[in-house]
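Enquirer: Make a model of the complete structure from these sequences and hints.
First residue of the sequence shown? That's 1 in my numbering, and the numbers climb one at a time after it.
Don't read these hints as lab results, they were simulated from the structure.
Some hints here could point you the wrong way.
With a Cα cut of at most 20 Å, we get these calculated SDA-like pairs of lysine to any residue [to be verified]:
#1 61 - 27
#2 61 - 16
#3 61 - 6
Restraint-style ranges between C-beta atoms, simulated for each label pair [claimed, not checked]:
#4 54 - 31: 12 to 22 Å
#5 1 - 64: 24 to 34 Å
#6 25 - 64: 30 to 40 Å
#7 4 - 37: 28 to 38 Å
#8 3 - 36: 17 to 27 Å
#9 53 - 10: 15 to 25 Å
#10 23 - 69: 10 to 20 Å
#11 70 - 12: 11 to 21 Å
#12 4 - 27: 13 to 23 Å
#13 69 - 27: 16 to 26 Å
#14 71 - 47: 12 to 22 Å
Idealized CB from N, CA, C, for every residue including glycine.
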Amino acid sequence: MHTVHIFRSNIRNAEEAERVHAALRGALPIQHVTVDLHDSDRVLRVVGAPEIGQAIMDLVKGLGHHCSELE
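Expert: See the structure below:
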């Protein structure tokens, strides 16, 4: 079963989004990643295992970006 994890981020452009996407795919069991660069919250959506929410935030923060879960 997969879960959609939704985060607020400060990913600013397609290059940063691609770097985050590659890092997530290389490190975690995920199915799909998108970043809405046109939304003011730069919404990061990740489809993957239910238990990986904290790992996603840690990885994105490790890349130098803000990342917090949206409620």
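Enquirer: Hints first: check each against the structure and report whether it holds.
Expert: Here's how the hints hold up against the structure:
1. Distance hint between residue 61 and residue 27 is fulfilled; the C-alpha atoms sit about 14 Å from each other, no more than 20 Å.
2. For the suggested pair residue 61 and residue 16, the alpha carbons sit about 12 Å apart, so the restraint of at most 20 Å is met.
3. Restraint check for residue 61 and residue 6: satisfied, since their Cα atoms lie roughly 15 Å apart, inside the 20 Å limit.
4. Checking the proposed 12 to 22 Å range against residue 54 and residue 31 shows it holds: the Cβ atoms sit about 18 Å from each other.
5. Distance hint check for residue 1 and residue 64: the Cβ-Cβ separation is about 32 Å, which falls inside the suggested range of 24 to 34 Å.
6. Remark: the range hint 30 to 40 Å for residue 25 to residue 64 is contradicted by a beta-carbon distance near 18 Å.
7. Between residue 4 and residue 37 the C-beta distance comes to about 18 Å, which lies outside the given range of 28 to 38 Å.
8. Taking 17 to 27 Å as the suggested C-beta distance range, the pair residue 3 and residue 36 conforms, at roughly 18 Å.
9. The supplied range of 15 to 25 Å is met by residue 53 and residue 10, whose beta-carbon atoms lie about 18 Å from each other.
10. At roughly 18 Å, the beta carbons of residue 23 and residue 69 sit within the given window of 10 to 20 Å.
11. Range check, residue 70 to residue 12: Cβ separation about 18 Å, and the 11 to 21 Å hint holds.
12. Evaluation of the 13 to 23 Å hint for residue 4 and residue 27 yields a pass: the beta carbon distance comes to about 18 Å.
13. The given range of 16 to 26 Å is respected by residue 69 and residue 27, whose C-beta atoms sit roughly 18 Å from each other.
14. A C-beta distance of roughly 18 Å is found between residue 71 and residue 47, which places it inside the suggested range of 12 to 22 Å.
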